[in-house]
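In the order they appear, the protein sequences are chains Y and B. Numbering of the first sequence is given in my numbering, commencing with residue 2 and proceeding in unit increments. Numbering of the second sequence is given in my numbering, commencing with residue 65 and proceeding in unit increments.
Don't read these hints as lab results, they were simulated from the structure. Be careful, since some hints might not be right.
Derived SDA-like pairs: lysine to any residue, alpha-carbon spacing no greater than 20 Å straight-line [claimed, not checked]:
| no. | chain 1 | residue 1 | chain 2 | residue 2 |
| --- | --- | --- | --- | --- |
| 1 | B | K221 | Y | P83 |
| 2 | Y | K47 | B | M200 |
| 3 | Y | K47 | B | A201 |
| 4 | B | K70 | Y | K47 |
| 5 | Y | K47 | B | R192 |
| 6 | B | K228 | Y | F267 |
| 7 | Y | K47 | B | S188 |
| 8 | B | K187 | Y | R46 |
| 9 | B | K69 | Y | P83 |
| 10 | B | K221 | Y | W277 |
| 11 | Y | K136 | B | K221 |
| 12 | B | K70 | Y | P83 |
| 13 | Y | K47 | B | T194 |
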Amino acid sequence: MAGIKPGSGPCAMSECFCGDGKDVRGMEKECDRPYHCPYGGILFRKVSIIGLVLFSSFLLAAIFSSFLSPCDPWDRFEPYLPPGQDHILGTNDLGQDILSELIYGSRVSLIVGFGAALMATTIGSSIGLLAGYFKGMADEILMGITDIFLMIPQIPLIIVLAAFLRPSFWLIALLMGSLWWTSTARVVRSKALQIREMGYVQSKRSLGFSHLHIIVSDVLPNLSQLVMPKFLLSIASAMIAESSISFLGLGDPSMKSWGMMINFAFSRGGFINGYWWWYMAPGLCITIFVLSIVLIGSFLEERDESIMGQQ
Amino acid sequence: MLSGKKATRYAIALFLIISLNFFIPRSMPGDPLTNLLGEDISLTASSVQELRERMGLDRPLSQQFLDYWHDILRFDLGYSFHLHRNVSDLIYDRMKWTLLLSLPAMVMGAILGTLLGARAGWKSSALRRTQTGFIMAIYCAPPYFISLIALYLLSYKQGLFPLKGFYSTGSALDIAHHLFLPSAMMTLFSLSRNYMIMKGSVLQEKGSLYATFARAKGLYDEQILFRHVFKNALLPIITLLALDFGFILSGALFIEIVFSMNGMGSLIYDALLSRDYPVLQGSFLIITIMVVSANLLADLLYSYLDPRVRWQ
Numbered sequence: 002m003a004g005i006k007p008g009s010g011p012c013a014m015s016e017c018f019c020g021d022g023k024d025v026r027g028m029e030k031e032c033d034r035p036y037h038c039p040y041g042g043i044l045f046r047k048v049s050i051i052g053l054v055l056f057s058s059f060l061l062a063a064i065f066s067s068f069l070s071p072c073d074p075w076d077r078f079e080p081y082l083p084p085g086q087d088h089i090l091g092t093n094d095l096g097q098d099i100l101s102e103l104i105y106g107s108r109v110s111l112i113v114g115f116g117a118a119l120m121a122t123t124i125g126s127s128i129g130l131l132a133g134y135f136k137g138m139a140d141e142i143l144m145g146i147t148d149i150f151l152m153i154p155q156i157p158l159i160i161v162l163a164a165f166l167r168p169s170f171w172l173i174a175l176l177m178g179s180l181w182w183t184s185t186a187r188v189v190r191s192k193a194l195q196i197r198e199m200g201y202v203q204s205k206r207s208l209g210f211s212h213l214h215i216i217v218s219d220v221l222p223n224l225s226q227l228v229m230p231k232f233l234l235s236i237a238s239a240m241i242a243e244s245s246i247s248f249l250g251l252g253d254p255s256m257k258s259w260g261m262m263i264n265f266a267f268s269r270g271g272f273i274n275g276y277w278w279w280y281m282a283p284g285l286c287i288t289i290f291v292l293s294i295v296l297i298g299s300f301l302e303e304r305d306e307s308i309m310g311q312q
Numbered sequence: 065m066l067s068g069k070k071a072t073r074y075a076i077a078l079f080l081i082i083s084l085n086f087f088i089p090r091s092m093p094g095d096p097l098t099n100l101l102g103e104d105i106s107l108t109a110s111s112v113q114e115l116r117e118r119m120g121l122d123r124p125l126s127q128q129f130l131d132y133w134h135d136i137l138r139f140d141l142g143y144s145f146h147l148h149r150n151v152s153d154l155i156y157d158r159m160k161w162t163l164l165l166s167l168p169a170m171v172m173g174a175i176l177g178t179l180l181g182a183r184a185g186w187k188s189s190a191l192r193r194t195q196t197g198f199i200m201a202i203y204c205a206p207p208y209f210i211s212l213i214a215l216y217l218l219s220y221k222q223g224l225f226p227l228k229g230f231y232s233t234g235s236a237l238d239i240a241h242h243l244f245l246p247s248a249m250m251t252l253f254s255l256s257r258n259y260m261i262m263k264g265s266v267l268q269e270k271g272s273l274y275a276t277f278a279r280a281k282g283l284y285d286e287q288i289l290f291r292h293v294f295k296n297a298l299l300p301i302i303t304l305l306a307l308d309f310g311f312i313l314s315g316a317l318f319i320e321i322v323f324s325m326n327g328m329g330s331l332i333y334d335a336l337l338s339r340d341y342p343v344l345q346g347s348f349l350i351i352t353i354m355v356v357s358a359n360l361l362a363d364l365l366y367s368y369l370d371p372r373v374r375w376q
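Whenever a hint applies, use it, and build me the whole structure from the sequences.
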């Protein structure tokens, strides 16, 4: 196993890429860690349960927006109301209820996050799998492409493309999904490189099973443990990116989104006039949502690593 | 030194990115002339024709591509009709400020992040767990949001720092006063990323045999960390820092927007509002070239620092 293990801890968000040790260090090294309990065991498990609870409540809010929100997020009441009885979190410049906006905004975050992460994980896993399993020329070419994609600054590219194309959140999810797969590809590749040398794969190969069969029945199931936390962490980074792009005013104007709420609060004087509730609530929502995903993701990673350690 | 394979990858990356910049405005919906000049510019029919000729849009695509490369090699990134200046001059002016804001912060963030992260990964204590929780929250928050809160609390409520801009009188002290808060935010942002990476890296190294051996030899805890483990754990960080450079730089753009500073971030933000495409594209190109160079630099540094690579 590589020196820095695939996605070690919470650092495995897309950009930081805790990739395979081979590329980072120029050599491979055996995993030599018999015991491991980095986050103080039980405490860490508790924290990740909190993460799960938070995550599911956001999920429920997104699914049942229309039931949960006190009013229609597009309805207008008195503007600039501070948090109070009628409107628990206050109203914005158009008099729209902030709580309802928040609840509806969770949809965009989730759709973009899940969409982009699903696409990125699929592309990344396929490329990593092919490169790692077939090695040789395929590996050279695919990893070369990955290296090039890794260097493109994603946010500026998305900004340029979104400026030309009229923004919609599907487009943003699509763009992110097609740029965000690199770290998954590298992690999956290094795992696939290991798996292909395992006894059960070698014996199947010598028995004459096809590559496709071996990949589907032996390699893929072993990758799922690795890919799942990667998938979660891609959701987190896609959500931050979505909110950043909406903050620039490139969001989908037909949908409520947290980033856009902050953008309006910032550009329409909510900030200068001290209407803190207008931008604090969406900002905290993004942070807590992302935090919950990162907690669950890093818990899964740690768990898998301790399972691997015991073997 | 840089292997031939890696050098080819860098060359291909640069070629593809610069070419991408050529094809984006020409392949997007709408008139390429508008896409190249930016929107909201009123032109008469005759000037449209003249501009079309001057931009070479009436020539075949292959010829345009060659002309484009010719321009790029002379650092000609086009002309902004909104700001009435050459894009390369604009970027040169603004980039200085962005680098002044972000480079010191990146260095500070790297140093503090690796040191704190290494200690947090090495030994867990109640204080360090709280610290990790705090840094993790920053790590998960969008950088512009944290900046907004800091700006509101420290500048707006307390009046400790100026509300906007890079300078008001222009003296060094004045600039430092303006830069302090955004730089601190940048540092926090970059610190949180390095902290998480370094913590994971030290956790990996901690269980390795040489660390156990050092302990058996009777070295003190912190000595093992900083004499042995730190060096090994730091190596991957160099590459990660370079890969992160683009991301941190993007973060700087957002922080500039929040603090209304006239750097690249505000340039891009204003260009977005007025759909000033040449500025957007030029900025993207320059940022990308900077990121690619940072990676190249890290690769060179890495092959120099890691004896295992050096002696191959």
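Hint by hint, here is what the structure shows:
no.: 1; hint: K221(B) x P83(Y); verdict: 18 Å, holds
no.: 2; hint: K47(Y) x M200(B); verdict: 16 Å, holds
no.: 3; hint: K47(Y) x A201(B); verdict: 17 Å, holds
no.: 4; hint: K70(B) x K47(Y); verdict: 45 Å, violated
no.: 5; hint: K47(Y) x R192(B); verdict: 17 Å, holds
no.: 6; hint: K228(B) x F267(Y); verdict: 13 Å, holds
no.: 7; hint: K47(Y) x S188(B); verdict: 16 Å, holds
no.: 8; hint: K187(B) x R46(Y); verdict: 18 Å, holds
no.: 9; hint: K69(B) x P83(Y); verdict: 60 Å, violated
no.: 10; hint: K221(B) x W277(Y); verdict: 11 Å, holds
no.: 11; hint: K136(Y) x K221(B); verdict: 59 Å, violated
no.: 12; hint: K70(B) x P83(Y); verdict: 57 Å, violated
no.: 13; hint: K47(Y) x T194(B); verdict: 15 Å, holds
Hint compliance for this structure: hints 4, 9, 11, 12 are broken, all remaining hints hold.
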